[in-house]
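Participant: Start from the sequences, fold in the hints, and give me the full structure.
Below, each chain spelled out in residue letters.
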Amino acid sequence: SQQGEEDPQALSIQEGENATMNCSYKTSINNLQWYRQNSGRGLVHLILIRSNEREKHSGRLRVTLDTSKKSSSLLITASRAADTASYFCAQETSGSRLTFGEGTQLTVNP
Amino acid sequence: GAVVSQHPSWVICKSGTSVKIECRSLDFQATTMFWYRQFPKQSLMLMATSNEGSKATYEQGVEKDKFLINHASLTLSTLTVTSAHPEDSSFYICSAALASLTGELFFGEGSRLTVL
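First to last, the protein sequences are chains H and S. Position one of the first sequence corresponds to residue 1 (the working numbering), numbered consecutively onward. Position one of the second sequence corresponds to residue 1 (the working numbering), numbered consecutively onward.
Be aware that a few hints might be false.
Cut-off 30 Å, straight-line C-alpha distance, at most; resulting in silico cross-link-like pairs (DSSO-like, lysine-lysine) [as the list claims (entries may be wrong)]: (1) S/Lys55 <-> H/Lys26; (2) H/Lys56 <-> S/Lys41; (3) S/Lys64 <-> H/Lys26; (4) H/Lys70 <-> S/Lys41; (5) S/Lys14 <-> S/Lys64.
Label-pair distances were calculated between CB atoms; the ranges are [what the hints assert, rightly or not]: (6) S/Trp10 <-> H/Asn30: 29 to 37 Å; (7) S/Lys41 <-> H/Glu53: 25 to 33 Å; (8) H/Ser39 <-> S/His85: 20 to 28 Å.
Derived from the structure by calculation, the hints contain no laboratory data. The beta-carbon is built from N, C-alpha and C at its ideal position, and this holds for glycine as well.
Facilitator: Laid out in C-alpha cells, this is it:
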C-alpha cells in the first residue's frame with residue numbers, strides 16, 4: 001500500500017488532556033505534513049516539518065519527526081472539544097505529491 | 001491563506017450520467033492541482049495530478065477515461081466522472097500547490113457525489 005499507518009485509529013479523551021497521534025511511513029520524504037478534517041469537510045493544514053527537522057511547534061501543536069524510524073507524532077496539548085476531528089499525516093515525496101496516512105479520529109469530550 | 005474553491009459541494013445524479021466538479025484557486029495561480037477521493041471513514045487516495053496545459057498524470061488503478069481531468073487555466077481544474085455508477089459515490093477533494101518554498105497545499109472543501 002502506498003499509504004502510511006497512523007495509530008491509534010481512534011482516540012477519545014477529556015478536555016484538558018493531551019492527545020498524541022503517531023504516523024509511520026515507508027519511503028524517503030521531503031517533508032511530512034499534518035492535516036485536520038472535520039466531518040464531511042475539506043482538509044486544513046496544521047503544520048509541516050521538513051526531513052532535516054526533528055521537532056516543530058505551533059501553538060498547542062507539537063510535531064516530531066524521526067527519519068531513522070520513518071515515524072512522526074502529533075501532540076495536541078490542553079485539548080478542547082473543538083479539536084474533535086480526524087487528523088491525517090501526509091508525506092511529500094516530490095512535487096507536492098502527498099501520500100496520506102489512514103488517519104486518527106480524535107474525540108474530545110467536554 | 002490561499003483559498004481553493006470546489007463546486008458543487010454536493011451532487012446527486014442518476015447512474016449513467018456524467019458529473020463535472022470544478023476546482024478553482026481564487027487568489028493565486030496553481031500550475032499543479034491534485035484530485036483525491038475519500039470513501040467514508042477512510043483516508044484520501046490520490047487519483048491524479050493535474051498540470052496546467054498538459055495531460056493529467058493518473059495514479060495506478062485510476063481509469064483515465066472514467067475520470068477526465070482538464071486543467072485549462074492556472075486557476076481552474078475540472079474532474080468529470082463519466083457514466084457514473086453507484087460505486088463512484090464518494091467525496092472528491094482537490095488541492096492546489098502554492099508556488100512557494102513551504103510545500104504547503106491548499107485544499108478545497110470537497111464535493112460529495114452520490115450516484116443513484
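Participant: It remains to establish, for every hint, whether it holds in the given structure.
Facilitator: So, going through the hints one by one against the coordinates:
{"no.": "1", "hint": "S/Lys55 <-> H/Lys26", "in the structure": "holds (28 Å)"}
{"no.": "2", "hint": "H/Lys56 <-> S/Lys41", "in the structure": "holds (28 Å)"}
{"no.": "3", "hint": "S/Lys64 <-> H/Lys26", "in the structure": "holds (27 Å)"}
{"no.": "4", "hint": "H/Lys70 <-> S/Lys41", "in the structure": "holds (25 Å)"}
{"no.": "5", "hint": "S/Lys14 <-> S/Lys64", "in the structure": "holds (21 Å)"}
{"no.": "6", "hint": "S/Trp10 <-> H/Asn30: 29 to 37 Å", "in the structure": "holds (34 Å)"}
{"no.": "7", "hint": "S/Lys41 <-> H/Glu53: 25 to 33 Å", "in the structure": "holds (31 Å)"}
{"no.": "8", "hint": "H/Ser39 <-> S/His85: 20 to 28 Å", "in the structure": "holds (25 Å)"}
When held up to the earlier numbered hints, the structure conflicts with none and fits them all.
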